[in-house]
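Line by line, the protein sequences give chains A and B.
For the first sequence, full-length UniProt numbering gives the first residue as 1, with consecutive numbering after it.
For the second sequence, full-length UniProt numbering gives the first residue as 1, with consecutive numbering after it.
Since the hints were derived computationally from the structure, they do not count as laboratory data.
The beta carbon of each residue, even a glycine, is placed where N, CA and C say it ideally should be.
Any given hint could be a false lead.
What the hints assert, rightly or not - Just the calculated beta-carbon pair ranges, DEER-fashion:
#1 B:M1 <-> A:K165: 31 to 39 Å
#2 B:Y96 <-> A:K165: 15 to 23 Å
#3 B:Y6 <-> A:A90: 32 to 40 Å
#4 A:S150 <-> B:D65: 14 to 22 Å
#5 A:L105 <-> B:A56: 23 to 31 Å
#6 B:D99 <-> A:G108: 30 to 38 Å
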Amino acid sequence: MELPIILFYVLSSLTVLSALLMVFSKNPVHSILYLIVTFFCISGHYVLLNAQFLAIVNVIVYAGAIMVLFLFVVMLMNLNSEKKSFGRPAKIVAASLISLLFVALTIGIFSQNQASANTAVEMGTGDLGLIHNLGSLLYSEYVLPFELSSILFISAMIGAVMLSKKDEELLD
Amino acid sequence: MLPISYYITLSLILFGIGMAGVMLRRNAIVIFMCIELMLNSVNLLLVAFSKMHYHANSVLEKGTDAQLLVFFIMVVAAAEVAVGLSVIILLFRKVYSVDINVLNRLKG
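Working from the sequences, and respecting the hints, build out all of it.
Structure, rendered in structure tokens:
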């Protein structure tokens, strides 16, 4: 077996394992740490798919900024001792059955078409996802959505600040 | 060279785990994290499909469009997380809990 395929198997099993641990750990802080592991593994998949810029962005934005925000909120709320973190047993069984059925059915539907299911994915070659290519595209062809996203960020920032203010402060 | 069905399977398993988490957890923050996991699995599948089409015909496809789309999805997700977490903080300030079963008092 080639090296990228071995890496794919190792990374996939790590990703699925840490995602499962994220869902089934009772402590929310542990959930966040397992989700960070999952995001690092997904970044590894991006590197295998030659999307190096996306891998770096995933580490910086998701594993860095967003998960620290989650961790900060959980630490602020002091939720460490949760007694009831899952629903009733009937609900657990129903939820697991529904998602298993969904995954099985969708994989079945996708693998019906043998010709398209066996199309190869190029791995470990090319320099398409380097920051040079994506950056020049981002500032030429995609400059309008890029600037619009800055407006989105400023509105999200104003929204977050307004939402987390106390009501009395807003009335002044 | 892996067939695309491997990536489809991996993304669907991750999506299914996120879906199960949304359905069976009661903590609003963990539910939000499961939504992030589902978003990430779809991003991974998008990049894999883009590589597949670029590999199939590299003359017509540039191969960078999907990566920029994923980049913009990440940008929107970052903004969404900021607002969503502040909504959760607002909920915690009102009822001193992030249990979503408390929210059934919303029904009229």
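Checked hints:
For the hinted restraint 31 to 39 Å between B:M1 and A:K165, the CB-CB distance of approximately 54 Å leaves it violated. The hint said 15 to 23 Å for the Cβ distance between B:Y96 and A:K165, and at roughly 19 Å that hint holds. Look at B:Y6 against A:A90: about 34 Å separates their beta carbons, and that is inside 32 to 40 Å. Taking 14 to 22 Å as the suggested C-beta distance range, the pair A:S150 and B:D65 conforms, at roughly 21 Å.
The hinted window of 23 to 31 Å between A:L105 and B:A56 holds, with their beta carbons roughly 26 Å apart. At about 36 Å, the beta-carbon gap between B:D99 and A:G108 stays in the expected band of 30 to 38 Å.
In summary, the one numbered hint that this structure violates is 1.
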